[in-house]
Each structure stands twice: as structure tokens, then as C-alpha cells.
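A.B. asks: Generate the whole structure from the sequences, applying the supplied hints.
One line per chain: the protein sequences are A and B, in this order.
So the first sequence is numbered by our numbering: it starts at 1 and just counts up by one.
So the second sequence is numbered by our numbering: it starts at 1 and just counts up by one.
Fair warning: there could be bad hints in the mix.
Under the rule of at most 20 Å between Cα atoms (straight-line distance), these lysine to any residue pairs were calculated in the SDA-like manner [stated by the list, open to error]:
| id | chain 1 | residue 1 | chain 2 | residue 2 |
| --- | --- | --- | --- | --- |
| 1 | B | Lys416 | A | Gly336 |
| 2 | A | Lys16 | B | Pro382 |
| 3 | A | Lys339 | B | Ala271 |
| 4 | B | Lys22 | A | Ile326 |
| 5 | B | Lys377 | A | Asn11 |
| 6 | B | Lys524 | B | Ile491 |
| 7 | B | Lys416 | A | Lys16 |
These aren't lab readings, by the way, just hints derived from the structure by calculation.
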Amino acid sequence: MINTSPFIHDNNSVQKLMFKVQLALLPALIVHVYFFGYGIVIQWLLGLITFLIVESIMLKLRNRPVLPFISDLTAVITISGIAFCIPPNSSWWLIVTAVSFALIFGKHLYGGMGYNPFNPAMLGYAFILISFPVEITQWSLPIAISGQELTFINTLQLIFTGNIPNINIDQITGATPLNSMKTGLTTGTTILQTLNLPIFDNNLPYAWTQINIAFILGGLWLLFTRAINWQYPIGFLGTIALLATIFHYIDPHTYAPASVHLFSGGIMLAAFFIITDPVTSSTTPKGKLVFAIGIGCLVYIIRNWGAFPDGISFAVLLLNMCVPFIDQYTAPRVVGYKK
Amino acid sequence: MLDWILKLISLIYPMAKRGLKKFNGGIFPKSHKDLSNHHPIVKTIMPKELALPLKQHIGIAVEPLVVVGEKVLKNQLIANTEDTSLHAPIHAPTSGTISAIEQRQLPHSSGLTGLCIIITTDGLELEIENALKIPNKVPTEPNTLKNIIYKAGIVGMGGAGFPTFAKIPNEKNKVKTIIINGAECEPFITCDDLIMQTYAKQIISGANIVANALGCNKIICGIEDNKQQAIKKMRQAVNNEKITIKSIPTIYPIGGEKQLIQEILGIEIPAGSHALNSGILVMNVSTVRAIYQAVIEGKPLTSRIVTISGTGLKKPYNTEAMLGTAFIDLIKFAKPKMKLNYRLIQGGPMMGFEVQTNQVPITKTTNCILANTPQKKTATMPCIRCGECMDACPINLLPQQLYWYSKSQEFEKTEKLNLFDCIECGCCSYVCPSNIPLVQYYRFAKAEVKKNKSEQKATSLAKLRYENKLARQEKLKVEKANRLKAKKEAIKQKSLADKDKNITATSSTPPMSAREKALAAAKKRTQQANQITPDKASPAKATPTKAATTAIAAAKKRAALKKIKQQTPNKDTIEDSKPDNRKKAIEAEKKRAALIKTKKSQE
Numbered sequence: 001m002i003n004t005s006p007f008i009h010d011n012n013s014v015q016k017l018m019f020k021v022q023l024a025l026l027p028a029l030i031v032h033v034y035f036f037g038y039g040i041v042i043q044w045l046l047g048l049i050t051f052l053i054v055e056s057i058m059l060k061l062r063n064r065p066v067l068p069f070i071s072d073l074t075a076v077i078t079i080s081g082i083a084f085c086i087p088p089n090s091s092w093w094l095i096v097t098a099v100s101f102a103l104i105f106g107k108h109l110y111g112g113m114g115y116n117p118f119n120p121a122m123l124g125y126a127f128i129l130i131s132f133p134v135e136i137t138q139w140s141l142p143i144a145i146s147g148q149e150l151t152f153i154n155t156l157q158l159i160f161t162g163n164i165p166n167i168n169i170d171q172i173t174g175a176t177p178l179n180s181m182k183t184g185l186t187t188g189t190t191i192l193q194t195l196n197l198p199i200f201d202n203n204l205p206y207a208w209t210q211i212n213i214a215f216i217l218g219g220l221w222l223l224f225t226r227a228i229n230w231q232y233p234i235g236f237l238g239t240i241a242l243l244a245t246i247f248h249y250i251d252p253h254t255y256a257p258a259s260v261h262l263f264s265g266g267i268m269l270a271a272f273f274i275i276t277d278p279v280t281s282s283t284t285p286k287g288k289l290v291f292a293i294g295i296g297c298l299v300y301i302i303r304n305w306g307a308f309p310d311g312i313s314f315a316v317l318l319l320n321m322c323v324p325f326i327d328q329y330t331a332p333r334v335v336g337y338k339k
Numbered sequence: 001m002l003d004w005i006l007k008l009i010s011l012i013y014p015m016a017k018r019g020l021k022k023f024n025g026g027i028f029p030k031s032h033k034d035l036s037n038h039h040p041i042v043k044t045i046m047p048k049e050l051a052l053p054l055k056q057h058i059g060i061a062v063e064p065l066v067v068v069g070e071k072v073l074k075n076q077l078i079a080n081t082e083d084t085s086l087h088a089p090i091h092a093p094t095s096g097t098i099s100a101i102e103q104r105q106l107p108h109s110s111g112l113t114g115l116c117i118i119i120t121t122d123g124l125e126l127e128i129e130n131a132l133k134i135p136n137k138v139p140t141e142p143n144t145l146k147n148i149i150y151k152a153g154i155v156g157m158g159g160a161g162f163p164t165f166a167k168i169p170n171e172k173n174k175v176k177t178i179i180i181n182g183a184e185c186e187p188f189i190t191c192d193d194l195i196m197q198t199y200a201k202q203i204i205s206g207a208n209i210v211a212n213a214l215g216c217n218k219i220i221c222g223i224e225d226n227k228q229q230a231i232k233k234m235r236q237a238v239n240n241e242k243i244t245i246k247s248i249p250t251i252y253p254i255g256g257e258k259q260l261i262q263e264i265l266g267i268e269i270p271a272g273s274h275a276l277n278s279g280i281l282v283m284n285v286s287t288v289r290a291i292y293q294a295v296i297e298g299k300p301l302t303s304r305i306v307t308i309s310g311t312g313l314k315k316p317y318n319t320e321a322m323l324g325t326a327f328i329d330l331i332k333f334a335k336p337k338m339k340l341n342y343r344l345i346q347g348g349p350m351m352g353f354e355v356q357t358n359q360v361p362i363t364k365t366t367n368c369i370l371a372n373t374p375q376k377k378t379a380t381m382p383c384i385r386c387g388e389c390m391d392a393c394p395i396n397l398l399p400q401q402l403y404w405y406s407k408s409q410e411f412e413k414t415e416k417l418n419l420f421d422c423i424e425c426g427c428c429s430y431v432c433p434s435n436i437p438l439v440q441y442y443r444f445a446k447a448e449v450k451k452n453k454s455e456q457k458a459t460s461l462a463k464l465r466y467e468n469k470l471a472r473q474e475k476l477k478v479e480k481a482n483r484l485k486a487k488k489e490a491i492k493q494k495s496l497a498d499k500d501k502n503i504t505a506t507s508s509t510p511p512m513s514a515r516e517k518a519l520a521a522a523k524k525r526t527q528q529a530n531q532i533t534p535d536k537a538s539p540a541k542a543t544p545t546k547a548a549t550t551a552i553a554a555a556k557k558r559a560a561l562k563k564i565k566q567q568t569p570n571k572d573t574i575e576d577s578k579p580d581n582r583k584k585a586i587e588a589e590k591k592r593a594a595l596i597k598t599k600k601s602q603e
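C.D. replies: Shown next, in the form of C-alpha cells:
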């Protein structure tokens, strides 16, 4: 076997890259636990167990070596993405279904890592969002609002049995800020009135703002270490901020201000962790920007005029489909050629 | 100002350095240059034996002018060719005896063997002074300079090996800018650095010689800013305002010809074109020094500065090595840390190649011998389309798409994505987190495309030949048929004429009317029908048959004679022209190959 040049390498690896991303999610995880309790930790562990089982079986079925592919950590990012999206205290089978679907249909059936056209996490989430809409909209209220701090054991009980003795479930669940705005508009409540609800704090979604800031911190570190490209957050957040500002200026009663949009739901998770998934996004520098702007537009459209309170998963999946098209028309000029 | 800000940013965000230069991408591998750039150039080592490959350049191999057993002197011309194809003559690096002319392993990426002249050295260094017989004055015309450079056997010493004389235009004032390449961006290599530190004056004066001969007024020498000593020495050596020493950012592959031009002059050489068309001549510092030695000292190219470095060596160094010295002889002096049971690398770690055996000799293009202890290979993972390769590509290609198409063997698509503009610098492979040997895929795709094209050409040629053959056969058939027809016609006419003669001779009856004629004919028919046997023997009937046969025989004879007459000279001409044609074909082929190679090297 002849070795060919180059004989040196910068020692980067897929595993290292994915580990970095995972590490960058840690601040948001801590903040999430602070506001919503241990739910997400249990969900994440459930996802991890599901992943280990599903991935091993799939790799075996596909005649691939299990160890190198299971240890590449890409699936762990998928789990984290889903865990942050679903209600933290939702039933155990929800995340198991989402992760299984994401890994089997989103990844392995397309040929495994690197070959999937759709973002697996978003595919898994969209699947349960459509299949079990009630469960998904039953969000836990932040501890400070519900006044009920569940112990780890209680949370475990809630996730596996669906109830906890002596606690009324309705007391700890409620609508998300985005949901409140949407349902508010249908009952004639203006956005400005909705912003006075207890789930908003200083006109910003309570708890969500803090989690989103934690995502930003992790995301900035990823940008700094070159794990992700700047085009995604800039294009995505810029588009949403711009659209929200314009529409809020036109009609502040129906359209929430940009700050609410940017700090509610999983916007920052999407900006730095979801749409940055290289496998399913555009590859050219300009294409990445187009891709991010496209998702931004769709998210804003679905949030305001769609049937769902948040539309990140659909927006991402739709733009995933456009990637080959975007790539085709955004190829950079090769040195020595006129465009 | 911007550079200053970028440098500041790069302290915490290293990749900001990419903004310091004008071309796209680039990488910052660990340079390892401090391994070998502290020590002065070590004096030439005298090996027992030198193996000089007859092809150390781009073009055709030269032919030995010496025989086994012959004594040679240092600088003596030992191989050259009368052929006009691209080549560079070879001189003896030291005095000694020709001990063999045989096939040896060459320093080649695919481990080719080639004819080498083996000199057993005598250690006396008996030298021919002014071996190139240069006149006492500096050349003022491009052709005079070209001639000296050709006779000295100088080739591009940065690694390409393109005969330097062929790079120089015949006309004066065609070259507007001469760029001296002192970038040396590959890790580990420090030979150009040391040359600039040690022979700055020779380089500057060599550059002046070239500029004067070509009527060029602008010389820019680009040196990476990690070689401060070299920059200092070169600046000190500058003796006129034509020359500028430019410090350029340290980034791989800034030493690539097109990248260097882009950095220094800010212009892109159009794809498929050559720098010379834009009035730019790029030369490596080693090449310029070799030109100085040839023009001023009359010395042909018989040695070069080589870096012997690597993580596997205790004492890396630079030396002025005689061409033909075996790698292993030079490595020994660097004290390898472990037994050399691994392959050495010729060139740098980014674009060099592993040699098949460590016995291969130094050639005119060997700038570095690298002994890096083998490392565990990391497994290749699937491409995750992260785009790092694209950010690193100096040509702005789409490496990952090229990879997909190379892998799936869709070579037409790779060509559309400008595969052939790839300079194989290795930046993409270097940054790939999945450890995919991208460059290797492109080499494969390039080879396949070339193979397919030549096959296509061959098939279309074969088809054309076959069609021509069919057409020729058809033509011959028609001609033959026509000839036969004509012959038959002739015989018929003749026999008819003979018959007429017979008839006129036998019957002296006056002309008959049509009715009488018909009657006579009918009578004749009945007569013939009645007496078959006597008719056959009748002499009147026999005469025309005889006449016909004799006529046919005569015609045949004539035809045969004609054939022989036609064939004999024809045969001669064919036999004469055959080797002629072959020679011509071979020559044409050689020329074409040379042209292709020239193009390749230009690319």
C-alpha cells in the first residue's frame, strides 16, 4: 500500500467536531434544568438508550462496523436536538418514537451518516409533532410560575406513568409563549396584551429567553472554534429579526416584536445547532446564506400565518429539499475563470 | 492597517490569517522549519557511487555520451541528445569512472525504474574549469542566455523540473515582471531559506542577469515572513532599484506559481493560460542561483541544496548534495532516531511522495528528503459535507462535489467542476475531518479522464481507419469490376470485329435488304440446328473462338505485365516509405508528448 500526499493532517475529526457541538449545548442544558426541572435529563438519557439500541441494530443490518459509527457522536446531536424540542415532562414513548424514527428513517435508510438529505432531529420531531400534536403542545410551566418543583424521582414517575400522586398535572403544564400568542390572537387578544401574561417577563418570554441566551453562548463558541459557519446564524436570525421588525412596525397588535421572536421557542437552538448541520445544508458559502435566509422566512411565515405555533422543523425540512438546487446556482467562481 | 487588525485577531482566532493574503483558502500547518534552518549548509558529502538518471526533467530522456569504464571529470557533459524535444543535458557531479549504465529505481511516485549512469567516484574532484565555455561577458540577448541555461542543464528546481531555457521567451521585452519564488511554503523544507541566507548575492546577481538579457525592469522576490533572516540577507544584497524583496504572509500554498502571482501582483492567470502570456516569469531561488553559477562561473548544474529533515531524525540538516547521491547516504548523517524500516518522502509532506526504496538518488528536483516516523492511520469516515475543504481550496473549487463525482466515477461531471484546475496542493485532505484522501480521488479522476480521452481518440482513429479501409476496398472492387467490364467489352468488340471480318471475307454477296437478311439468318439457324456436329468442327466457327482466346490471353498478359510494372516500383516506395513514416510518427508522438508535458507543467 502506497501512502500518498499529503502526509500530514490537522488532526480534526468528525468525532471531535461533534463533541464540540455537544459541549456547546451544555450551558443551555443547565439553564433548562434550572427552569424546567430534571425532565430534559431523563428525556436525553431515554434518547441515548434508544439510540444505542436502534443504531446497533441498524448498523448490524447494514453490515457496517458498529463501533466507529456509533462513536462518531452524530446521533447524540440528534438526540439533543429532539430533547430540547419536546416538552420536558412528556411521556417516555414520545422521545423513543422520535429518536427511533429520526435514526431509522432519517439516517440509516438513506445510507447512514453523511448520506441523509433531511435533518434527522427535525424529521423525528416533525414526525411526532404531526402524529401526537396534543402531547407536544402540553408544555411544562417553568418552576417559578407553577410553583411546583418536582424531584428527580417525581419527574421519572411523571414521564413513565403520566401522573404523580398528590399533584395536579394541569397545575404544572401550560401553553408556551408562542402558543399563548397564537391562541390569544384567535380569541381577540392582541400581542401586546399577551405580553402581560406571567409567562412573559419584561416583554420577553420568561425562561425561554434565558435558555436561548445559553444557546447563543454555546453557538458563539462553536463559531469561534470553526465547528459551524457564520452564514447560518447570521442569515437565519437576521431574516427573522428583519421580518419581525417590519411587521411589528406595521401592526404591533398582531405581530410580536423581533425580541419576542428571537428569544422564544427553539430559535437559537436552530440558528446554532440545527440548521448548521453540514450534512443536510447547502455546501457553498453563498448557498449557506441562502439556505439560512430561506429557513428564516419560512419560520416567520409559519409562526404568523401557519397552523403551528412554531415551524422550525418544517422550515428546515423544506429547505433541506432545496439544497441541491441552491448548491447548483451558488457555486463559487473558480480562480482563473470569468463567472 | 487591515493586516495589523487581522494579525491581532489571529492571536485568538488563528484562521483570521486567511484574510492576510489575496488568494482563496490556504492552511497553516505546523512548519517544522526550525528543525533544519539553524545550521549552516553542510559541505558536500562524497558518496562512493552516484546514480544519475537520464531523465531528471520534464521532457524526453537524454542519451549517455560515455561508455562503461570511461573516466570522467567533474562538470563533464555525460548525457545529452540531438533530439529537438524538450530535454536537459546531464553533467558529471564529480570525477570518477563510469561503472555501469543500467536500470535503477527512480525517485518517482509510482516507483518507476529508469536508465541511470553510475559513476564510481575517485574523491579527487578533478574539475573542468569553465565547462560551459562561457564568453567573458554577460549575455544581453535572450537567446544567448537561453543557450547557456540549456547547456548547463538547468531545470526548475522548486520541484517541477521543467527545463528552464524553454520557459524563457526568445523575444526581448516580452517579460515585464520577473518573480523570484522564495516562498517555500511547504513544512519542513528549508533549502531555499538557507540558499537565500547563504547566497543572497548570487541570487540577486542571477536575477539581474536574467532581467538584463530579457530587457525586464521589474524583479520581485516573494519570501514568506517566517524567514526573517533570509529577507534581511536578501534586502542587504539588493544593489539596484529594479529589485524588490517582498515579505509575504506565511500560508500554504502561497509558493504555488499562480498563488504567488496572485499575492504579489494581484492578478489571476486565466485558466489554461501560462504566466508568460501575462508577461510574468516565475523562477525559484535555487534556479536563479544555478543560472548565476552557469553564466558567471561556467558551471553546469551538478549539485543542489537539499533539506534532510523529519521527525524521525536527530540531526536534520541542509547540504549541497551532488546529483545522484543516494537518499540513504544523506539520511545516515542526520542520525535517524529508529531503524529506517519505513519509506522516505521526496519533497514536503503536503505534495511530496513516498519513494519505493530509500536507495533512490537525488535529482535536479529533489528539494527535500523527509524521514517522518510512520504514524497510526486514522480511519476514513463518510463525508459530512462540512465544507472545510472548500474553505481551504486556493482555486475555489468544490472539493466535496469533486469527491462525490470521482467516487461515483462520473468523470464528465468532475471535468465540468474544473477538476483539471486542481493543483493537488493537498489543503482539502489536510483539513478534512473525515480523513478522506481527497487529492488521491482527484488524481484518480484525472488519470481516468485522460485514459478515457486517449481511448476515445484511439477508437475514433480505429473507426476512421476501418471506414477508410472499407471505402478503399469498395473502390478497388468497383475498379476491378470496371476493368473486367471494359475487358469483356473489348473482347466482345474484337470478336465481333473478327466475325465481321470473317463474314465479309467468306461471303462476297452484295448487300441484302432487311427481309433478305432476316431470311438468310433464319436459313442459317435451321442449318445450324440440322448439323450440330459438323458445325462444331467447322473451321469458320473455330476461327473467332481461337481469335477470342488469343485475345484474352494477350489481354491477360498485358494486364499482368502492367500489374508487375505498377507493383514493382510501388513495392519499393512502400518499403522505402514505411520506416520513414514510422520515424515521422514517432517524432510526432514525441513532440506531442513533450507538448502535453509542457502544458502540464505550465498548469
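A.B. asks: Which of the numbered hints above does this structure break?
C.D. replies: 4, 6, 7
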